[in-house]
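Trainee: I would like the entire structure built from these sequences, with the hints used as guidance.
The numbering used here applies: residue 24 is where the sequence shown begins, and numbers increase by one.
The set of hints was computed from the structure by calculation and includes no laboratory data.
Quick list of in silico lysine to any residue cross-link-like pairs, SDA-like style, CA-CA up to 20 Å:
1. LYS261 with ASP233
2. LYS359 with SER237
3. LYS35 with PHE196
4. LYS50 with PRO355
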Amino acid sequence: MTEQSIYIISTKKMAGKSVIATSLALKAKELGKRVGYFKPIGFGSTMNVEGKVTDEDVESIREILGLREEINLLCPIILEKDEFLDEFADVDSQKYVKMVMESYEAVSRDKDVMLIEGAGTLSTGSFLNLSVSKLAADFSSKILLVAKFEDDSVVDEIIQARDYLAGYNIQLFGVLLNRIPADRMLRANCIIKPYLEKHHIRVLGVIPEDRVLSSLTVREIYESVGGKVLAGEDGMDKIVQTFLVGAMTMESAIKYFRKASNKIVITGGDRTDLILAALETRSSAVILTGNLYPSVKILPRADELAIPIILVPYDTFTTLQLAQKIIGKIKPRDKKRIEIAKRLIEENVKWDDILN
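Mentor: Encoded structure:
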């Protein structure tokens with residue numbers, strides 16, 4: 024019988040649920056507990072060695088935690104990112120409810136603690152009668168809400184989530200305010216946290232943004248977007264913290280680019296002026312979209328400055344989406360990021376209240 028079932032949810036994507044789940048699981052293992060992980064609904068983002076589309080986060084967490092269960096048990100339902108209803112249109116949702124419950128029963132067997140990761144938002148899965156509220160009741164889970172703190176509206180999001188769950192007789196166990204910029208930590212602790220507590224919401228953690236966790240290298244982005252490195256290969260390990268889209272005049276671009284450090288500029292290969300501006304303002308890399316090759320004078324300068332020039336076949340929007348989707352993710356072999364994530368939990372979260 025599982026002693027603890029913790030359902031980690033968010034109101035928005037990219038809140039940091041996977042990192043929180045991984046960190047809490049590692050902490051529980053350190054305490055000598057038998058730990059399991061489950062994600063009822065995932066999004067197809069990678070293809071495994073067997074040629075099956077899987078959720079990349081689940082693959083990573085499975086390896087980090089050394090779990091033996093098959094990936095299709097850890098994450099029984101996979102949705103396409105944007106269009107997924109066709110596959111489920113003529114199927115009784117009870118089939119999927121049964122699949123999820125049987126998978127959960129299998130992976131939770133002989134576990135002391137189960138970490139369950141919700142999909143993108145509270146509503147994901149409702150079309151299959153697999154909403155957070157239903158599953159939390161079925162799993163007898165306590166709900167831990169992870170909220171990325173960007174501004175004061177996070178309070179509205181959290182209160183609304185609490186009230187939504189209460190409508191299904193599900194109590195919100197607590198909240199983690201996550202990925203807080205250094206200059207917002209004081210406000211998070213002195214204004215946001217007390218305000219939530221005044222509304223009888225437990226704040227179990229106030230977690231700062233960590234530069235290493237939120238940064239990427241050019242190489243990691245290249246591995247995500249693919250394409251071809253045309254020049255500047257010596258700079259593939261440079262840090263990237265922001266993405267800028269180049270679609271303006273040369274004068275505006277220089278001002279725009281100078282304000283940002285550790286940046287990747289995404290633009291068309293036919294915009295020689297913007298590419299040169301990106302190089303001269305010491306960008307970390309330049310991604311050229313639409314398979315448009317740049318002027319020959321670009322490549323020697325990129326080699327000289329060790330600024331990678333990466334050519335991709337996609338449009339600007341698709342390229343930006345592919346690049347941003349890996350922000351804040353932890354890979355199994357990335358020991359440094361794994362240790363940082365665990366330390367952030369140990370130092371900023373009441374993990375003993377959550378795990379005991």
